[in-house]
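What follows is each chain in one-letter form.
2 protein chains.
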Amino acid sequence: MIELANKLVIILASGGLDSSTVAGLAKENGARIIGLSFDYGQRHKKELSAAQEIANHLHFEELKIIKLDLSQWGGSSLTDYTQNIPTHGVDKNIIPNTYVPGRNTIFISIALSYAEAINADIIGLGVNALDYSGYPDCRPDYIYQFQKLANLSNKRGRENKPIQLWAPLLSLNKEEIMEMAYENKVPIEMTWSCYAGGLEPCKICDSCRIRERAFTNWAKRYKK
Amino acid sequence: MIELANKLVIILASGGLDSSTVAGLAKENGARIIGLSFDYGQRHKKELSAAQEIANHLHFEELKIIKLDLSQWGGSSLTDYTQNIPTHGVDKNIIPNTYVPGRNTIFISIALSYAEAINADIIGLGVNALDYSGYPDCRPDYIYQFQKLANLSNKRGRENKPIQLWAPLLSLNKEEIMEMAYENKVPIEMTWSCYAGGLEPCKICDSCRIRERAFTNWAKRYKK
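For the record, the sequence lines run as chains L and Z. Read in order, the letters of the first sequence correspond to residues 1 to 224 in my numbering. Read in order, the letters of the second sequence correspond to residues 1 to 224 in my numbering.
The following block holds chain L by itself, in its conformation from the complex (with noise of 0.2 Å):
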């Protein structure tokens, strides 16, 4: 793993668990973490007082929110609101409406801007590609791309000393995930998933199937 001790990280954190878990795997292991999270016109803010309850936790130095209206264009049922949110089950092989357009595209864009302007070393994301929503913004080759324009596109990488991104739990599955997790104190019961912004977890989208079959999967490898 890359060294964390004393680094500055800034983790784009939406309060769900993936993102969560890679900001408790930083902190364990003795980062600095500044959070980055985006008021972008998603469907409900609760994805944004979970980010702050959980930066409060695990001792964030700072939580940024950023405001960029993506639901001017909307192209996502989580942006444009007069698409539905789906609840038939996940099916891998076709993107569905809750992909938001180049969404992770700016957000990582923005968090490169942001680790140049304060000097941060490294960019802790989220991302995971076996237990997903088919996005292709959350695919290996995809952050690595990103890491090789990342590298031509600022002073940082000029002067050999690239901002990484850092997507430890690329590979894993969700039941790793979640034992990551657990592993390193993450307050799973802060975190939310859920695609819709009920006072409960709605149980029948994508993200909240995800999550549970994780749940019953990692009880189970796991003996917890």
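If you're looking for bench data, these hints aren't it; they were derived computationally from the structure. Treat the hints with care, as some may be off.
Same chains, same names: a pair is fine if it fits in one copy or spans any two.
[As the list claims (entries may be wrong)] Listed next, the in silico DSS-like pairs over lysine-lysine satisfying Cα-Cα at most 25 Å (straight line): (1) LYS67 <-> LYS46; (2) LYS45 <-> LYS148; (3) LYS203 <-> LYS92; (4) LYS45 <-> LYS67; (5) LYS148 <-> LYS92; (6) LYS161 <-> LYS148; (7) LYS161 <-> LYS92; (8) LYS92 <-> LYS155.
Quick caveat, the model's predicted, so the values are computed rather than measured.
Using the hints provided, position chain Z relative to the given structure of chain L.
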């Protein structure tokens, strides 16, 4: 050159000579144009009003202005008003403090998101690598790498109908760009290049110097 007739082209419109030239070229070749400008916490809003004038003149279908405050973390004399804009001339071996960390990467990412949502085929960019200010995110390698990332990042890439990054000025020098602007009926007098936001261009910032030299060389070479 790429096929432009009746294509929907999103142009990153800064109000300056370069992006306006790309817009003129697209227009003269029959494209439909949507402009994307950024209110990003820059020193002055003059470039936004210039972009609007040019959009009207060249009959853009729309000019969308995106708010995203990069002055939150500064890191550039354009977004941190305590830093002075350099006035001592251009040195291509150093990256000047007018370089804004991550700016092009963020702007292109947002354009990709918008293009995917409205099904545009092309993103037009005014970047050029010969007469420029030494910015890392204006080089051909950078654009080439971004195209590879774009193809991996979205639905369009997966469907083998990639959104194309089009940077027709990449290998032109400034007087050649000026000639292209002239040939494509760009209202050069409406464009604004100066980093400062005075009533008139300051004539001593890098951007003014590059533009001034281009005018002189252009007049000489094209005998106008």
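Do the hints match the structure? See the list:
1. In the homo-oligomer, the alpha carbons of LYS67 and LYS46 lie at most 25 Å apart both inside one protomer (15 Å) and across protomers (23 Å), since each shortest distance falls under that limit.
2. Neither within a single protomer nor between protomers do LYS45 and LYS148 lie at most 25 Å apart by alpha-carbon distance, with minima of 33 Å and 33 Å respectively.
3. For the identical chains of this complex, LYS203 and LYS92 are intra-copy neighbours only, at 19 Å inside a copy versus 57 Å across copies, given an alpha-carbon limit of 25 Å.
4. Taking identical chains as interchangeable, the C-alpha atoms of LYS45 and LYS67 lie at most 25 Å apart whether they share a chain (12 Å) or sit on different chains (20 Å).
5. Proximity of LYS148 and LYS92 under a CA criterion of 25 Å is satisfied inter-copy only: 23 Å between copies versus 27 Å inside one chain copy.
6. In the homo-oligomer, the alpha carbons of LYS161 and LYS148 lie at most 25 Å apart both inside one protomer (13 Å) and across protomers (23 Å), since each shortest distance falls under that limit.
7. Proximity of LYS161 and LYS92 under a CA criterion of 25 Å is satisfied inter-copy only: 21 Å between copies versus 37 Å inside one chain copy.
8. When the C-alpha separation of LYS92 and LYS155 is checked against a cutoff of 25 Å, the pair qualifies only between copies, where the shortest distance is 14 Å, while the shortest distance within a copy is 38 Å.
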